[in-house]
Amino acid sequence: MHLTLHLTRACNMRCTYCYAPPAAGRRMDARTVRAALELGARMNERGCGVVLFGGEPLLEKDLIREAVDYARGLARRTGVVFHFKITTNGLLLDEDMLDFMVREEV
3 MHLTLHLTRA
13 CNMRCTYCYA
23 PPAAGRRMDA
33 RTVRAALELG
43 ARMNERGCGV
53 VLFGGEPLLE
63 KDLIREAVDY
73 ARGLARRTGV
83 VFHFKITTNG
93 LLLDEDMLDF
103 MVREEV
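Taking my numbering, I'd label the letters of the sequence shown as residues 3 to 108.
There may be inaccurate statements among the hints.
[Claimed, not checked] With beta-carbon atoms standing in for the labels, derived distance ranges:
hint, residue 1, residue 2, range
1, H4, M103, 15 to 23 Å
2, D31, M103, 17 to 25 Å
3, Y19, M45, 28 to 36 Å
4, L41, K63, 22 to 30 Å
5, C20, L95, 18 to 26 Å
6, L94, Y19, 16 to 24 Å
It is worth saying that the hints were derived from the structure and are not from the lab. We put the CB at the ideal spot given by N, CA and C, even for glycine.
The whole structure should be built from the sequences, with the hints applied where relevant.
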């Protein structure tokens with residue numbers, strides 16, 4: 003199973019070709035993220051791919067960290083390995099987030 007978590011519909015750009023209309027304030031909450039990851043763990047014996055998506059998911063850096071941390075805890079308890087990817091325009095990447103992504107293999 004692969005999960006695509008639409009963390010937010012908000013974006014830091016206004017591209018004319020974008021399929022998603024601007025929708026500031028629409029975001030996935032931590033409870034929904036945890037429930038989705040738990041579903042991924044239940045439906046997979048070995049691994050679960052997770053795509054962090056938006057709008058611009060890096061507008062939700064704290065939620066990204068929480069999702070990865072929660073998945074790592076689930077992995078320890080269940081043996082299911084989570085593989086993370088992110089779809090981003092890259093404009094909000096900073097050293098702290100890059101370090102986190104390298105360490106967590108996002």
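Next on the checklist: Quick check on a hinted range of 28 to 36 Å for Y19 and M45, using CB atoms only.
Outcome noted: holds (34 Å)
Next on the checklist: Can you tell me whether the CB distance of L94 to Y19 sits inside 16 to 24 Å?
Outcome noted: Holds: the Cβ-Cβ distance is about 20 Å, inside 16 to 24 Å.
Checklist entry - CB of D31 to CB of M103, is that within 17 to 25 Å? => result This hint holds: roughly 22 Å between Cβ atoms.
Next on the checklist: Verify the CB-CB distance for C20 and L95 against the hinted window 18 to 26 Å.
Outcome noted: holds (19 Å)
Item to check | H4 paired with M103, Cβ distance criterion 15 to 23 Å | outcome: holds (19 Å)
Checklist entry - Between L41 and K63, does the C-beta distance stay in 22 to 30 Å? => result Distance hint for L41, K63 holds at roughly 23 Å.
Of the numbered hints listed earlier, not one is contradicted by the structure.
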